[in-house]
Structures are given as structure tokens and as C-alpha cells.
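Please work from the sequences and hints to get the whole structure.
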Amino acid sequence: MKRRALALLAVVALLGAACGSDDDTTGSDAAGETMSSIDIDHILSADLAACEEAPTGDPIRVGMAMDFSDVVGFVDIPGSKLVPYIAELANCRGGFNGRPVEVRVAEVGDDAALATEDLLDWGAHFLIGPPFADFALPILQTTGGEVPLFVAASTEPTLADASINSYLVTFDDHQMSGAAAQWALDQGITRAIVFTEGEGIPYTGVNPDAFIAAFEAGGGEVVSVQTYVWFVDTDFSSQVNEIAQISENNEVVFSAALGFQVTALRGQLEGQGLDSLTYVGTDALDATGIQVEANNEGIAHTPHTSITAGDRIDSMLAAFEAEKGEALESRGFMALYVDSMFIGIQGMLDCGCDDTAQIGEAVQQISGFQGLSGEITYEGTNGIPPKAVPINRIVDGEDVLVDTITIK
Amino acid sequence: MTELAQNLIDGLGRGSIYALLALGVAVVFGVMHLLNFAHGELITVGGYVALWTLGAGWSWYIVTPLIVLSAVLTSLAIERVAFSRVRGSSDFTLLLTSFGVHFVISAIFLLYVSASVKPFDRPSWVTNTYSVGPLNIEVYDTVVILVTVLTLIGTTLLLQRTMFGLSLRAAAADFDTARLMGVRSDTVIRGAFALSGLLAGIAGVFWLMRAGSISPGAGITPMLKGVLAALIGGLGSLRGAVIGGLALGLAEVLLRSRLPDSIASLTEGVVFLLIALLFIFRPQGLVTVKHAVRV
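As you go down the protein sequences, you meet chains A and B in turn. The first sequence begins at 5 in this note's numbering and counts up by one. The second sequence begins at 168 in this note's numbering and counts up by one.
Treat each hint with caution, since some may be false.
As the list claims (entries may be wrong) - Only part of the chain A face toward chain B is listed, based on derived beta-carbon distances under 7 Å: (1) G77; (2) I81; (3) D239; (4) N245; (5) G271; (6) Q272; (7) E333.
Stated by the list, open to error - Every beta carbon over 10 Å from chain B, so not counted as near; a handful from chain A, in silico: (8) H46; (9) L52; (10) E57; (11) L124; (12) W126; (13) H178; (14) G192; (15) R195; (16) V229; (17) Q243; (18) N253; (19) G263; (20) S319; (21) A322; (22) C357; (23) R397.
These are computed hints drawn from the structure, not numbers from a lab. Think of the CB as a built atom: it goes at the ideal place given N, C-alpha and C, for glycine as much as any other residue.
This is the structure:
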């Protein structure tokens with residue numbers, strides 16, 4: 005009897021070990037590499053007219069706290085349309101371990117905390133939030149750092165803090181502008197003119213700061229630092245007059261300005277005869293349709309994702325348009341929203357849990373996740389994934405990838 | 168000296184647009200005591216007209232009158248839909264109504280058009296320059312200054328030489344007495360809104376030519392500049408609005424150029440500081456407006 009009991013115990017132990025080893029395949033291996041159990045391409049290829057059996061398990065709840073104002077709406081509005089569609093596709097493929105994905109969008113409006121509470125009361129397992137500290141910080145204060153927050157479209161380094169479960173999904177300002185500086189130096193340009201809103205000002209000052217640091221570290225010289233008002237200024241007469249005094253007509257002009265500002269500045273500089281300058285911008289140029297602007301030939305920028313016709317991001321956006329009858333704007337940002345959802349789900353699969361704090365711990369261990377926007381690793385970081393920065397340039401009227409630079 | 172002359176031309180170009188905006192604000196304020204915070208929306212609407220028509224391949228020669236027309240019609244529509252309902256209400260009610268109109272128009276474009284900045288082609292001549300001695304003068308600045316001068320002459324003739332102008336000036340001095348003297352309030356108020364729209368439309372054409380883009384919130388900056396210039400000049404004074412606009416434009420350009428690099432980013436702040444100082448010593452603005460006082 006005693007032997008029989010021991011044998012039974014041994015069988016149960018073996019079965020347990022076997023199950024455990026299965027779990028490991030969806031978690032992290034000994035080297036810390038995340039074994040992605042999410043086949044993104046398989047999900048994106050789902051045919052909504054011919055779905056697999058609907059998942060019936062407890063839902064995975066994705067909360068989206070989004071800003072629909074004219075401040076962030078240019079990315080959050082299309083992002084909040086795309087993610088539910090991708091969830092539809094995932095559910096069409098049977099969900100994740102038999103669990104469907106549910107997405108709820110709450111507009112932050114004037115009260116990001118209230119929107120966040122709504123999502124937490126609903127039972128969100130993780131959140132996707134808007135860029136800019138004004139919107140994201142109240143969300144973090146409400147979650148108390150207990151719920152993973154993916155600040156999908158942001159490059160603001162101050163918004164990343166793994167200790168309070170706040171993550172960027174793309175490179176940060178330092179990587180982005182460092183890459184821009186490196187690219188300019190690689191072109192043999194040694195003089196720079198930089199436009200800033202002021203030292204240390206989030207995004208519009210931090211990016212120029214980072215560019216200056218990287219450019220000078222690489223042996224370049226910043227010959228002029230000009231100020232302007234982001235989003236507002238389109239008359240750069242004063243700055244252009246000053247630049248005309250010192251320019252050798254061979255500098256790189258860097259700013260985090262929007263596309264229509266860069267082309268306005270360029271027009272005024274060219275009006276002064278400075279027609280051999282090189283222009284480099286940041287990811288802000290993604291949002292403002294520089295691809296369709298006149299006078300943009302040769303302008304370079306650092307998009308979040310470089311999309312080429314027929315690649316999987318382009319195909320995803322085309323499929324959305326075909327299904328929903330609407331073309332999404334701010335295309336370069338869209339993969340980040342989708343990746344935010346998949347990374348959160350990956351965290352849940354890795355920990356095999358529904359507890360938000362445990363999901364956060366699992367997210368912090370994610371390494372080598374093959375996302376739609378590139379490889380994403382949080383392990384050993386403070387929530388900023390080290391990603392390669394694409395350098396795009398307008399060539400013959402087309403926005404094309406000309407380089408990819410990784411800043412360590 | 169050359170740099171100063173260059174700055175003065177740049178400042179006059181910028182200030183001319185502000186003057187047109189401020190004049191539109193002042194005209195409506197004169198007859199209704201309404202500080203119209205929806206004034207910038209006339210440019211927003213014009214901007215979307217430009218976006219769609221330029222996108223359809225139309226030239227700026229055709230688009231320009233359409234922008235002006237859209238601003239006039241929008242101004243009249245706003246008066247009809249919103250301000251006519253609160254006519255005679257307190258200044259505060261009027262102010263809040265204008266904020267409401269601003270938010271509603273922005274939201275309509277945000278929800279039904281796009282939250283994104285939408286670029287369109289600028290006219291090719293906008294950044295062309297010509298030299299006068301050591302000065303490089305933008306064709307754009309020259310055109311803006313010339314058109315502004317012509318517009319101001321036209322506005323002055325309208326106000327001084329026509330019955331409508333007389334009614335408008337009478338209503339601005341004392342609305343109730345003007346009505347007792349036979350001035351039709353509907354006509355003068357709608358006329359004021361039409362004139363305000365016309366001025367905003369002309370300013371909008373130049374604003375949009377320079378900006379080369381439009382977004383739902385694009386009207387905020389021109390509205391702020393117009394209101395600020397009207398306040399500097401002396402709220403309600405048409406002459407003051409023009410002086411205020413030019414002063415604001417010159418101050419922005421000169422400060423931007425003259426401030427040390429380390430504080431150049433504070434240009435806007437310094438401009439506001441100067442305005443605050445102005446209001447300490449001349450709360451009524453640069454030009455004192457005389458109103459009839461009921462005793």
C-alpha cells in the first residue's frame with residue numbers, strides 16, 4: 005500500500021514537472037530570452053469572415069487611457085481604433101490560451117485619473133497610455149505603480165520607470181537624437197545649427213540637448229543655437245537673419261519641430277541663399293504628413309517605425325482600412341500601440357497570472373520580444389527598450405529608410 | 168544698424184497681420200462689448216477651406232478669395248447661431264459664449280476631420296527675397312504690409328464715408344442712443360461681424376500662406392495675438408488696434424533678436440512682461456477710448 009502510494013506520488017510529481025516544463029516554453033529560458041508565444045504574423049493574417057472557435061475563457065482586459073484632444077489625438081485617436089481591431093483578429097485566432105482579449109478605451113479628457121479609475125474598476129490587466137507627462141503622470145499616480153502602463157507613442161525618458169511599471173515601447177529622446185547626430189556626422193557634416201525651445205524642456209529641449217551632446221562628442225561643432233516656439237512658429241525671420249551671418253551653407257539644421265515648421269524654416273533659409281543645408285528632424289515629423297509636403301526633398305527624420313510598401317505594418321494598416329473603411333493617420337506610430345497590447349499579454353502569458361503587479365514583474369523580465377515595431381527588451385532596463393533608430397529621408401518625393409543606427 | 172532695419176521690416180510684416188486681427192476684434196468689441204475669443208476660428212475655417220481646395224489642385228489665386236469669403240460667412244453664422252441669442256447679456260456671458268464657440272468649432276474639426284496637423288502647399292513666392300542695399304527683404308513681408316495699408320485705408324473710408332460706418336461708429340460710442348437715433352441694431356451688429364470676418368479673412372490668408380498647415384487648434388494663436396494687440400492698443404479703439412498690432416509684432420521680433428541667447432527662449436514671456444508693465448501705467452492701453460457715460 006505504502007509502495008503504491010509512493011509510486012502514485014512519483015507519477016504526480018513527474019506529471020507536475022512535465023507541466024512545469026511546458027510553462028517554461030511560454031516564459032523565459034535560462035538565458036533570460038523571452039520565448040515569444042505570440043505569433044503576431046499569424047494573428048494579423050486572421051480572416052474575420054472565417055474565424056476559429058471563439059475563446060470562452062476569462063477575458064484579458066486591455067485598458068486604453070487615451071487623449072482625443074488636438075494635443076495627442078493625432079496618435080491616440082487612430083491608436084485607439086487600431087488596437088480593438090487587432091484584438092478582434094486575436095480573438096478570431098482563438099485568443100490566448102482560450103482567453104479572449106477585451107479592449108476598453110477611456111478618454112482622459114480633463115481628468116486622466118478618472119479615466120484610469122474607470123479602467124481599473126473594469127478590471128484592466130494593463131494599460132496603454134497617451135504620450136506627454138501631462139497626461140501620463142496622473143495615470144501613474146492613480147495606478148500607484150501597481151499596473152503596467154505602456155506609454156505607446158512617447159519617447160520621453162522621464163516617463164519610463166520600471167519600478168513603477170511605466171514603460172516606453174520605443175527608443176527615447178536620447179537614442180533618437182543621438183542617432184540623428186551620428187547620421188549627420190556620418191554624412192561628413194561637422195557644423196550644426198540647432199533649434200530648441202530651451203534646455204531641459206521635455207521633448208523640444210531634451211532632443212536638441214541630446215543632439216548637441218552627441219554631435220559634439222562625435223567631433224562636430226554646434227555653431228548656432230536658436231530658439232523657437234514648437235507647434236506655433238512659422239515665421240523664423242529673426243533666426244534666419246542671425247544664421248545668415250554665420251552660416252557656411254554646409255551645416256546640418258536639427259530640431260524637434262513639426263514638419264510644417266521645418267519646411268517653413270527651410271523656405272526662409274533658402275530665401276537667404278542658404279540652399280545647401282541638411283535638415284534632420286525627430287519623430288515629430290511622423291505626425292504631420294511631411295511625406296506629402298512640398299519643399300521637403302532631402303529632409304531626414306527619425307520615425308518610430310520605417311514603413312515600406314507591402315511590409316507587415318503597411319499590410320496591417322491596409323487590412324484595417326479594408327475592414328473598417330478608414331485609413332489611419334500617424335502611421336509611423338501605429339505599430340507601437342499594437343506592440344503595447346502584445347507585450348502586456350506576453351507578460352501575462354509569462355507569469356501565467358492575472359495579478360497586475362505580477363504581470364508588471366513579468367514585463368520587466370521581457371527580453372528579445374519580436375514586436376511589430378522591432379525587438380523590445382525590458383530586462384535590465386528602466387523601461388526604455390534599446391531599439392535601433394531608423395533614419396528616413398525624403399528621396400524623389402518618397403519617405404525612404406536610408407540608415408538604421410543603434411545608440412548604446 | 169542693418170540688423171535693426173531688417174528687424175523693423177520683419178516686425179512690421181508680422182505686426183501688420185496682428186493689426187488686421189486686432190482690428191477685427193476691436194470692431195466687434197466696439198458694438199457689442201464682446202471680446203471674441205472665437206475670432207481665431209475664422210482662420211481655422213479658412214485653413215480647412217485652403218486645405219481642401221489646394222488639395223483639389225486649385226491655385227492660391229482662387230483659394231485666397233474663398234478663404235476670405237469663408238471667414239465672412241463663418242463670422243455671420245457665429246453671430247446668428249450663438250451671439251444673437253445672448254445679445255444684451257452681461258459681458259461675462261458674452262465672453263463665455265465666445266469661448267464656447269471656439270471649443271465647439273475646434274471639436275467639430277477634431278471629431279469629423281482630423282486631430283492631425285494637415286499640411287498644404289505654400290505659394291512659391293512666400294520665401295522669395297529681394298535686396299535693398301544690405302537688406303534682404305522678404306516679398307511676403309512687402310505684400311503683407313502693402314495689403315494691410317490698403318485694407319486699413321479701405322476700412323477707414325468705410326467707417327468715415329458710409330452710412331454703415333457712421334452707424335457702426337455711433338453704436339460703438341453709445342449703442343442705446345444710436346438705436347434711439349434710428350440705427351438698426353441687427354444691421355450694425357451683423358455688419359460688424361461681416362467686417363470682422365473680412366479682416367480676419369485677409370489676415371488669415373497671410374497667416375495660412377506662412378503656416379502651410381492647419382489643425383483644429385490652429386485658431387488659438389492668431390486669436391491670442393489679435394486679442395492681445397487689441398488690448399495693447401486700447402480695447403474698442405480701431406486706431407489703437409492697429410497700433411497695438413504693429414507694436415506687438417515689432418516687440419516680438421526685436422526682443423527675439425536682441426535678447427541674449429541664454430534667455431532668447433523667454434521672448435514670449437518678456438513680451439507679456441512688457442504688456443503687464445504697460446497696463447500698470449496705462450490700464451486703458453495705448454489709445455484712450457472715449458465712451459458716452461450714462462448719468
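Here's how the hints hold up against the structure:
no.	hint	in the structure
1	G77	3 Å, holds
2	I81	5 Å, holds
3	D239	6 Å, holds
4	N245	5 Å, holds
5	G271	4 Å, holds
6	Q272	5 Å, holds
7	E333	5 Å, holds
8	H46	32 Å, holds
9	L52	26 Å, holds
10	E57	38 Å, holds
11	L124	26 Å, holds
12	W126	24 Å, holds
13	H178	21 Å, holds
14	G192	27 Å, holds
15	R195	17 Å, holds
16	V229	7 Å, violated
17	Q243	8 Å, violated
18	N253	15 Å, holds
19	G263	6 Å, violated
20	S319	22 Å, holds
21	A322	19 Å, holds
22	C357	36 Å, holds
23	R397	18 Å, holds
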